[in-house]
Amino acid sequence: MKTAAITGPGVGIALVAVALLLTGCGGIGFLHPHGPVAAVQRDLFFEVTGWMMVVVLPAILLVPFMAWRYRRSARHSAYRPDWKFSWPIEIALWGVPVLLVVILATLIVRKAVALDPYAPIASDQPPLEVEVIGLDDKWLFVYPQEQMATIGVLPLPVGRPVHFRLTSGTVMQSFAIPALGSQIYAMAGMVTELNLLADRPGMLLGQNTQFNGSGFQAQKFQARAMPPADFARWIGQARAAGRPLDAAAYARVARPGQLAELQRHFDVDPAQGLVFSAVPQGLFDGVVAQARPALPHPHTGAAHAHP
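Counted from 1, the sequence shown has number 2 at position 2 by our numbering; the numbering is strictly sequential.
Any given hint could turn out to be false.
[Unchecked claim] Computed list of lysine to aspartate or glutamate pairs in EDC-like fashion (alpha-carbon distance at most 16 Å, straight line):
| no. | residue 1 | residue 2 |
| --- | --- | --- |
| 1 | K220 | E261 |
| 2 | K220 | D136 |
| 3 | K111 | D43 |
| 4 | K111 | E47 |
Rather than coming from a laboratory, the hints here were simulated on the basis of the structure.
Turn these sequences into a full structure, and let the hints guide you.
Structure follows, in structure tokens:
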């Protein structure tokens, strides 16, 4: 028995529709926010989309209507070969877009100020400090207050702001946790900042979104938003790991390669990420200084030293 092949434009449209619907099932983007920054971004996205429909919908609906209304075979449409100008149409064609641009500009500027990545998030708790070092195909997260570091996982306490300081030990990188909001770049010799907060537990995707090498697509990590008690317990377990990030370990970590190679080298469970129980003080500043060794330190005026 032969089966007929299912072909035609309808199949393509159906597949695209299903694909679009499935994009909402992951729950890892800003459309499913796990924090206030991503929530504002989601609201802004829908507001801008709604206002844009003022222009898009009439164009989508009126173009086929006009083509049908004034088709060659039409019998009841007005025929005006000498028509040249209409003030109502002219006002609509110019006035509506200009008004829309003013509305969108006002809306976006206000939200952009509110979404300043350098602005601290209001909270009754002090922010958790995390120093982020972008390396070839991996992210190194240093917790300076806890004197420990991780690769592949980024545990965060729910309800507590997180202040990130970012740099790169190699090429420019793009740091993003979509469900928490605000992508930001990390560049060698420079320090950028980002403030985020997770308001509920969850396993969130973090990644490098910069096309900067053959392995950038594998430069992902898991941001683990957990209750404060679980975070404190994790800190205790990490400190007991007995794996310091000394000079030899950092040299191996900084070598180009993906996380899986490091996990095999240090013989750790891939599901747990790679955790270092101790970190030399000033590691982050030392990485920044490597890209600009002759520049004075902004606080002391002295030149940076290599780590």
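Quiz item: Which hint numbers does the structure go against, in order from smallest to largest?
Solution: Of the numbered hints given earlier, the structure breaks none, since each of them holds.
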